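Visitor: I would like the entire structure built from these sequences, with the hints used as guidance.
Be aware that the sequence shown starts at 5, since it is given in my numbering, and climbs by one per residue.
Hints in this document: simulated from the structure, not taken from any laboratory. Any given hint could turn out to be false.
Unchecked claim - Simulated DEER-style distance windows between Cβ atoms:
#, residue 1, residue 2, range
1, 66, 37, 19 to 27 Å
2, 55, 6, 21 to 29 Å
3, 92, 19, 45 to 53 Å
4, 138, 40, 41 to 49 Å
5, 33, 122, 35 to 43 Å
6, 108, 131, 36 to 44 Å
This one's a predicted model, so the numbers in the text were calculated from it and none came from an experiment. Ideal placement from N, C-alpha and C gives every residue a C-beta, glycine not left out.
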Amino acid sequence: MADCTFCGIVAGDLPAAEVLREEHVVAFLDTRPVFKGHVLLAPRTHVVTLPELPPDLGVPFLAAAQRLGDAVVEALGAQGSFMAVNNVVSQSVPHLHLHVVPRTKGDGLRGFFWPRTRYDDDEERAAYAARLRAALGAALE
Numbered sequence: 005m006a007d008c009t010f011c012g013i014v015a016g017d018l019p020a021a022e023v024l025r026e027e028h029v030v031a032f033l034d035t036r037p038v039f040k041g042h043v044l045l046a047p048r049t050h051v052v053t054l055p056e057l058p059p060d061l062g063v064p065f066l067a068a069a070q071r072l073g074d075a076v077v078e079a080l081g082a083q084g085s086f087m088a089v090n091n092v093v094s095q096s097v098p099h100l101h102l103h104v105v106p107r108t109k110g111d112g113l114r115g116f117f118w119p120r121t122r123y124d125d126d127e128e129r130a131a132y133a134a135r136l137r138a139a140l141g142a143a144l145e
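Guide: Right under this line is the structure:
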């Protein structure tokens with residue numbers, strides 16, 4: 005897409021501090037990192053959200069994410085990583101991208117505030133589960 009920042013990076017038309025360029029994915033440093041070494045992994049094909057990622061690109065995308073998770077530990081001395089994908093909400097660039105953020109204990113990142121709610125009863129909980137199973141085309145065995 006002509007107006008997509010990440011498509012511009014993939015095409016080589018926009019500058020980026022790339023860390024990985026493969027047949028199906030490109031990874032580069034975030035320009036506003038949570039911590040130094042914060043990497044964004046994007047498929048070369050323009051898709052907006054993870055549910056839109058074609059199945060044949062899932063394996064290369066996830067394999068690259070695994071390698072990047074190892075790389076931030078090995079290269080940066082991190083103890084681990086935080087990986088996240090935003091779909092539409094909080095997605096600053098409408099092109100699928102996975103954040104790989106190096107983490108160390110005591111780094112100050114407290115995670116996210118996850119508001120909690122409750123189901124009214126077991127019947128409501130079962131109804132939600134059934135709706136999700138139907139959407140997935142899944143049955144319990």
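Visitor: Does the beta carbon distance between residue 33 and residue 122 stay inside 35 to 43 Å, or does it fall outside?
Guide: holds (41 Å)
Visitor: In this structure, is the beta-carbon distance linking residue 138 and residue 40 contained in 41 to 49 Å?
Guide: holds (45 Å)
Visitor: Kindly confirm whether 36 to 44 Å is satisfied by the beta carbon distance between residue 108 and residue 131.
Guide: holds (43 Å)
Visitor: Would you say the C-beta atoms of residue 92 and residue 19 sit inside 45 to 53 Å of each other?
Guide: Once the Cβ atoms are compared, 27 Å apart, the range 45 to 53 Å for residue 19 and residue 92 is violated.
Visitor: Is it true that residue 66 and residue 37 lie within 19 to 27 Å of each other by Cβ?
Guide: holds (22 Å)
Visitor: Mind checking the hinted window 21 to 29 Å against the Cβ distance between residue 55 and residue 6?
Guide: holds (24 Å)
In this structure, the one hint that does not hold is number 3.
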